[in-house]
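Assemble the complex: chain V is given as a structure, and chain G with the ligand must be docked to it using the hints.
Line by line, the protein sequences are chains V and G. So the first sequence is numbered by the numbering used here: it starts at 1 and just counts up by one. So the second sequence is numbered by the numbering used here: it starts at 332 and just counts up by one.
In short, the hints are calculated from the structure, not lab data. One or more hints might be untrue.
[Unchecked claim] Quick list of the computed label-pair ranges, beta carbon to beta carbon:
{"no.": "1", "chain 1": "V", "residue 1": "10", "chain 2": "G", "residue 2": "593", "range": "36 to 44 Å"}
{"no.": "2", "chain 1": "G", "residue 1": "652", "chain 2": "V", "residue 2": "7", "range": "40 to 48 Å"}
{"no.": "3", "chain 1": "V", "residue 1": "76", "chain 2": "G", "residue 2": "532", "range": "57 to 65 Å"}
{"no.": "4", "chain 1": "G", "residue 1": "367", "chain 2": "V", "residue 2": "188", "range": "32 to 40 Å"}
[Unchecked claim] Here chain G is said to cover these stretches of chain V; the calculated rule only asks that three of the stretch's residues, wherever they fall, bring their Cβ under 8 Å from a Cβ of chain G:
{"no.": "5", "region": "93-105"}
{"no.": "6", "region": "128-137"}
{"no.": "7", "region": "303-310"}
Just so you know, even glycine gets a beta-carbon here, dropped at the ideal spot from N, CA and C.
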Amino acid sequence: MSMQPSGDRETTFIDAISQALWEEMERDQSVFMMGEDIGIYGGAFKATKGFIEHFGPERIIDMPIAEEGFIGMAVGAALMGMRPVVEMQYADFISCGWDQIVNTAAKMHYRTREAVPMVIRGPSGAGLRAGPFHSQSPEGWFAHVPGLKVVVPGTPYDAKGLLKSAIRDNNPVIFFEHKYLYRRLKESIPTSDYTVPIGKADVEREGDDITIITYGAMLQIALEAARRAQDKGISVEVVDLRTIYPLDKETILNSIAKTSRAIMLYEDTRTLGIGAEVSAIIAEEGFEYLDGPIIRISAPDAPVPYSPPLEDYYLPSVDDVVSAIDRLSAY
Amino acid sequence: MQVKSIELGAKELMDVYYYMRLGRAIEDRLNLLYKGGKLPGAIYLGTGQEAIEVGASYALEPGDVIATTHRDMIAQLPRGLTPREVFSQHYGRITSLTRGKGEDNYQGDLKRGMLASVSMLPNFYPVAAGCSLAFKIRKEKRVAMAYCGEGATSVGDWHETLNIASVQNLPVVFIVINNGYAYSTPVFKEMKVANVADRACAYGIPGIVVDGNNVIECYQEAKKAVERAREGGGPTLIEAKTMRIRGHAGHDPATYVAKEIIDLWTKRDPIVRFENYLAERGLLSEETKQNMINRINNEVEDAVQFAESSPYPDGKEAIEDVYAA
Ligand SMILES: Cc1ncc(C[n+]2csc(CCOP(=O)(O)OP(=O)(O)O)c2C)c(N)n1
Numbered sequence: 001m002s003m004q005p006s007g008d009r010e011t012t013f014i015d016a017i018s019q020a021l022w023e024e025m026e027r028d029q030s031v032f033m034m035g036e037d038i039g040i041y042g043g044a045f046k047a048t049k050g051f052i053e054h055f056g057p058e059r060i061i062d063m064p065i066a067e068e069g070f071i072g073m074a075v076g077a078a079l080m081g082m083r084p085v086v087e088m089q090y091a092d093f094i095s096c097g098w099d100q101i102v103n104t105a106a107k108m109h110y111r112t113r114e115a116v117p118m119v120i121r122g123p124s125g126a127g128l129r130a131g132p133f134h135s136q137s138p139e140g141w142f143a144h145v146p147g148l149k150v151v152v153p154g155t156p157y158d159a160k161g162l163l164k165s166a167i168r169d170n171n172p173v174i175f176f177e178h179k180y181l182y183r184r185l186k187e188s189i190p191t192s193d194y195t196v197p198i199g200k201a202d203v204e205r206e207g208d209d210i211t212i213i214t215y216g217a218m219l220q221i222a223l224e225a226a227r228r229a230q231d232k233g234i235s236v237e238v239v240d241l242r243t244i245y246p247l248d249k250e251t252i253l254n255s256i257a258k259t260s261r262a263i264m265l266y267e268d269t270r271t272l273g274i275g276a277e278v279s280a281i282i283a284e285e286g287f288e289y290l291d292g293p294i295i296r297i298s299a300p301d302a303p304v305p306y307s308p309p310l311e312d313y314y315l316p317s318v319d320d321v322v323s324a325i326d327r328l329s330a331y
Numbered sequence: 332m333q334v335k336s337i338e339l340g341a342k343e344l345m346d347v348y349y350y351m352r353l354g355r356a357i358e359d360r361l362n363l364l365y366k367g368g369k370l371p372g373a374i375y376l377g378t379g380q381e382a383i384e385v386g387a388s389y390a391l392e393p394g395d396v397i398a399t400t401h402r403d404m405i406a407q408l409p410r411g412l413t414p415r416e417v418f419s420q421h422y423g424r425i426t427s428l429t430r431g432k433g434e435d436n437y438q439g440d441l442k443r444g445m446l447a448s449v450s451m452l453p454n455f456y457p458v459a460a461g462c463s464l465a466f467k468i469r470k471e472k473r474v475a476m477a478y479c480g481e482g483a484t485s486v487g488d489w490h491e492t493l494n495i496a497s498v499q500n501l502p503v504v505f506i507v508i509n510n511g512y513a514y515s516t517p518v519f520k521e522m523k524v525a526n527v528a529d530r531a532c533a534y535g536i537p538g539i540v541v542d543g544n545n546v547i548e549c550y551q552e553a554k555k556a557v558e559r560a561r562e563g564g565g566p567t568l569i570e571a572k573t574m575r576i577r578g579h580a581g582h583d584p585a586t587y588v589a590k591e592i593i594d595l596w597t598k599r600d601p602i603v604r605f606e607n608y609l610a611e612r613g614l615l616s617e618e619t620k621q622n623m624i625n626r627i628n629n630e631v632e633d634a635v636q637f638a639e640s641s642p643y644p645d646g647k648e649a650i651e652d653v654y655a656a
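So that you can see chain V by itself, here it is in the shape it has in the complex (with noise of 0.2 Å):
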């Protein structure tokens, strides 16, 4: 649950990615951003709306189109103790830099025990009519590069708390925020400095009877699913990953325990993703709990389709939950 003490204002998705990234470059003069568009222009998203302004050039570098480029001198600046914060202009060009990414940020700390303490963050995610090459969810394919830690907030006061985490963390860190949420999700978040662990779930939602294990924008189709089932008398838990990597078993297993009937709901696609892991890791580590089969609902393998009845195919619906929940009540 989001703590909510006083202090707090109302604060929507991206105005909490802002006001972590401005908080950061306060407190560490070692902090600095690099991206297309960021300056005078606050980005495509407008998440450093007015910091060039106060930061300076020096500190908010637009980058002309060069991911590979600047993801590696990011590496080169972590190395000399710097703390970059990279900016995709959309999460899908990530793959424009994904070999400074896998090869040498993430495996550098293995072979030198030097720390490459650099996020790297964008807009992911789908169900904006954005099409192929701007609505990806792409943190399945991180998540599975050793020396990589991968976040993906569903909530304003986690996008915060986990951002400022991921500054402070020590290792290369990929951040994804789901651009439907931008805007969309608002909730009342403490102004004051706070941190959210990277690696810890959290129990959006207490229940009985099902567990849904999501994160990122499907959060908020869990807990609407879960709203529904509660009408029809069934209790679901909604635990919310926050970190894709690494995953906390812990709540997961423990959430399993009590429920024993597991719904696993992502947006990435569906095959060797992290419904495959958080399915292998209950079936290991669980089995005597389940009372059920885990089911899986994800995108399908396929690309993000442009054209609306496409993309609402596409996405898994507070439906297709609340048939899942129904299936699996019936054990």
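Leaving out everything else, chain G with the ligand in the frame of chain V:
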């Protein structure tokens, strides 16, 4: 093969004029539809760039291929892209070239020599060079042409492609539209060279600067490069200097560009300039112009209605065609 001559005849000049005007009319309409909330997705317009968009593309022959970017729908028109296809794509209808899968200008048709590019820049520079590699291997007298903006020339792939194309002496022509900005980033923040074309010397190929608002110059330089490539002379880099006079995309008012600059370049409208050229040669009267505009307006109107009344794809097609048979 029958190839166009470097001096275009009256009919060809009017073709060029038609494509420029058609491009403008389609984009004006897209802009209105976008502002009116009628399109599900984004728009990237090449308004003011019609001279290079049409001029270079028009230098290709049937059998040649073109690779374009987010902003180059107009360059696909001389290859045979139709207004119905453009609007169907934006509306996400089954009648679009991507059957609703793809968005914006990421559409193509290999039969007409148009590659369906992707958003990642400049991914279709190497792809176009690869097409030309196939032509070279099979000893076909075909040429590939790749378009991109000056912003995309900052990416490593761009340089890799020019280098390989040069070493392999490929029949490919590289067009760079230098329109002053990459999204909000002005050229001086992208590079320190005065001309993108200057980079050609690093790869040992000709680098040429053209006035990107002069369609005849754009055509003629592209034509020379295309025929040199076809005859085994290797690649050429052509930089067209122009200006993006609308925002980066439909949502962007481009407040980061001084109004005087936009005004200046609006006055340099390549279509008006070409109209003067045609009029001076007695090829364009007020009446022929009006007839052309009316014809185009009807085509655009028909295309919008066609798209709006075309069905959406069935939802379950979302998972089809991921693999070839
Ligand atoms: C590799 C990559 N990174 C980021 C983007 C996002 N993006 C789309 S268009 C654009 C600007 C492109 O500028 P330029 O190449 O000059 O072409 P123009 O838009 O001016 O026609 C950017 C940064 C992209 N398409 N590809």
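Hint by hint, here is what the structure shows:
no., hint, result
1, V/10 <-> G/593: 36 to 44 Å, "holds, 38 Å"
2, G/652 <-> V/7: 40 to 48 Å, "violated, 53 Å"
3, V/76 <-> G/532: 57 to 65 Å, "violated, 29 Å"
4, G/367 <-> V/188: 32 to 40 Å, "holds, 36 Å"
5, 93-105, "holds (count 3)"
6, 128-137, "holds (count 6)"
7, 303-310, "holds (count 7)"
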